[in-house]
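Student: Sequence:
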Amino acid sequence: MSNVNSVITYLQWDINRVLFELGPIKIRYYGLFFTAGFICGYLLLRWMFRTEKKNVDDVESLLIYMVIGTIIGARLGHCLFYHPAYFFEDPIRFLQIWKGGLASHGAAIGITLSAWLYSRKHTDQPLLWLLDRLAIPVALAGFFIRIGNFFNSEILGRTTDVPWAIVFKDGLGLKTLEARMAPRHPVMLYESFCYGCIFLVLILVYRKYRAETPRGLLIGLFFMMVFSARFVLEFYKLRQAEFAQTLPLSVGQMLSIPLVIVGILLLIYRKPALPAVTDSTAKKT
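With positions in the sequence shown counted from 1, the corresponding number in this note's numbering is that position plus 886.
Possibly wrong hints are sitting among the right ones.
[Unchecked claim] Straight-line distance between alpha carbons at most 25 Å, and here's what the computed DSS-like set of lysine-lysine pairs gives:
# : residue 1 : residue 2
1 : Lys-1007  : Lys-912
2 : Lys-939   : Lys-1007
3 : Lys-912   : Lys-1157
4 : Lys-1157  : Lys-1094
5 : Lys-912   : Lys-1055
6 : Lys-939   : Lys-1055
The set of hints was computed from the structure by calculation and includes no laboratory data.
The task is simple: from the sequences and hints, build the whole structure.
Tutor: Have a look at this one:
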């Protein structure tokens, strides 16, 4: 690797995490991309609801459920899956979300539970139908969020000598000068690219079937593709959980396996589409 390093000039990444400040308020790149994910998801859901003659006004309520479920699920997932001893030592740390720490596996659980609560109040939008529609904007949100992780210099990759490696000079969790100056896989960009491709697959499948989409097809594809990609990409990441440093698989990989299995089962046992909504029975849009 030393010979290669003497020839290749790697990109030095040390951009300020704060985009701009408004008095005491700091607008960060990560927050910008996180918000972009929800805005695009909101617009996508409105389009799908309108396409299928569902009440478009319901999307505002659904968005609230999703925001709450995503943040709580992702935060608890990070605390409980990766650093349980640290957070139980001082439970107030669970609430210190501004210090970072969100987990996609926890977000998946939180979104599913929120969708279940929402669907109980909207009988025309059963859980499996709803999860299929949510899979599309969630994949797109993952694309944006991983770009935000790149600007945050977090979720870092292992050291490498590939030509596209990046030196994260202010990488989170890198404690020594040697670690900060080592070229690494920009694994968060790999993951963003994968989620973008998965989004394209899901949106193309939906455009083909629309209201006739078999229930379980989109969410099954989502779980299978997203967490298969996550399993593979974990080999290129620095491990986050201290207790799992010597285990054969990372925590992210162990959590991904059951979700891939769930995705496969959903694809095998998917259900017929809901009966078509006619103009005479449709709610106002």
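Student: The structure should be examined with respect to each hint, and the outcome stated for every one.
Tutor: Status of the hints after comparison with the structure:
{"no.": "1", "hint": "Lys-1007 / Lys-912", "verdict": "violated, 37 Å"}
{"no.": "2", "hint": "Lys-939 / Lys-1007", "verdict": "holds, 18 Å"}
{"no.": "3", "hint": "Lys-912 / Lys-1157", "verdict": "violated, 47 Å"}
{"no.": "4", "hint": "Lys-1157 / Lys-1094", "verdict": "holds, 17 Å"}
{"no.": "5", "hint": "Lys-912 / Lys-1055", "verdict": "holds, 21 Å"}
{"no.": "6", "hint": "Lys-939 / Lys-1055", "verdict": "violated, 51 Å"}
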